[in-house]
Amino acid sequence: MKQAMIQASRFQRPLFLIILVAIWVTIIASASRRAEISVLRHSFEPDYAVGAVPAAAIAARQLARTHAVDRLSLSPQIAAEHTLNQRMNEFLYPIRIETGDTTHRLRLGEETELPPCKLIGFKYFGTDIIRGVTSIVLERCAP
Amino acid sequence: MNQRELATEWASTLLLAVNLLASYFLAAGLFLPVAVLGVAMFAVMAALLAQSWSNITIAILTIGIALVVLSSPIAAWDARSIWFFHAKRIFLHGDLYVVLDNYFPLSHNDYPNLVPALAATLAHAVGHWNEVFPRLAIVVAYVPALALLRLCLPSLGAFFALVTLLFVIGRDYVLNGYMDFLIAVYMASFLLLALRTAVHWEEAGTARWTTLSLILLTILNLKNEGMLFYAAVIAGGAALALLYRKIQLPVLAVLTTPMVIFYVTWLHPVKSSSIASDLFVDDVIVGNVFTRLFQRLTDLSLLTISQSLVIYFGPAALLFAYSLLRFQQKHDANDFVLHRGMIAAVVTVIAYLGGMVMIYCVTPHDLRWHIATSADRTFGAAAFVVCALAVATLQPAPSKD
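Chains as they are written, first to last, in the working numbering: chain C, 1 to 143; chain S, 144 to 544.
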């Protein structure tokens, strides 16, 4: 009995190590699946954003900066899309997103222009499988 | 505790203090020079290496974590809309309290901002904001807690077993910019260090009380759950006072000082700005807190919550029970001092879990949605803390020299 216990404890340590190594291989494989090492090259690049920012938000920021807009509102369709709404709010900052009447408004190209807003700039941001070719539009809604 | 372990404790305490200082500098509208952060990080690594050369594996682990953090996009919802959005705002305005204007309320502007302040400090060091470099704040925040865990565990094997459990339980949440498992590592290091102090009372002194206070202050500044943990620690402290039938003044100071500092520097400004937690919403649709609590205590909601508790916390509870049985078998004479410390730790964990269940009972959101989107990380964090207690209990008791 004692012999068997000694025999078992001799195998305990390597078994523990094998399990630990197997788990770590899985953890590292899982982490490397999401990681993009090439991103490290951009560590010191101003404004660099990766992956998680939709093309619409990147295009909207370029548009708002070109027209020196510091606060704007979102069209009903953008406001209704939770992820896009959230990304617009945090990615465009310090350009502030406000609700209600503002001088400038962002809408998707496929949305209808509603008076009194008038288009002052637009930017294509790519091809969407559902919407086809898509653009973002900046409108001026007040004189 | 030998001199080298003491050096690790002091170095970790220094990094804890520097991290908090980065936040308090921003409260005064200043940026902490990033070199101070670098020196404190270096001090922790040097102390760990001086303690044992095998600790070089912890330095390698830190570099690995840094590579994963820096090369993964901030895609998770809370990481983007709360923590790194706050960081961006704090960096652009050079002010910790800028979030108190309650712009974009969905970003939970009442949450404390230690990691965002660290990220803003790192962004200031390179002179601009981007979505890569400031994420290093996650690593800076992890280092002192991991070093303290290493200090509390007698072997490197036990430390890595615990880190493995952290990644197994926490999965993506460990490094994706959520605070839940960062706070869990701090909660575990607080309980293990407090337990070690209860067992080796001769180690108690200025260094230990400072370290424990700073860990508690860090926990309070990481996320709102920190206040829940603080309340749970008070419950654990009360249990300890009852068991010893006396109150130690330094323990009282450790328990009160962090909350006083946290109240002055964060809770009071938040209250003055009239920003309230979304949990305490009171309107005609969702009713008030008490209506919701009464309703969920009387319908089958508790069953839904318990189900998640069993799934995410159950296995860790079993591991802990097993570790206690093993401990009991090994120590026939009953190390009562350790038992009393362990009782206080268990009371703390139970109080924390009880508080978490209460939060689900009063949530103004749909309970099923709230549980589906958070129970794995909230109960998972508590599970990691219990795993830390189990791993420490399964180890041979540290020597008294």
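Be aware that a few hints might be false.
[Said to hold, decoys possible] Covered by chain S, according to a simulated footprint, are these stretches of chain C (three or more residues, beta-carbon under 8 Å):
(1) 59-67
(2) 89-102
[Claimed, not checked] Pairwise CB distance ranges, derived in the manner of DEER restraints:
(3) S:384 <-> C:70: 26 to 34 Å
(4) S:403 <-> C:22: 43 to 51 Å
(5) C:32 <-> S:403: 20 to 28 Å
(6) S:343 <-> C:13: 22 to 30 Å
(7) S:393 <-> C:45: 43 to 51 Å
(8) C:32 <-> S:249: 42 to 50 Å
(9) C:13 <-> S:472: 16 to 24 Å
Since the hints were made in silico from the structure, they are not lab data.
For glycine and all other residues, C-beta sits at the position ideal for the given N, C-alpha and C.
When the hints from earlier in the document are held up against this structure, which numbers fail? 1, 3, 5, 8
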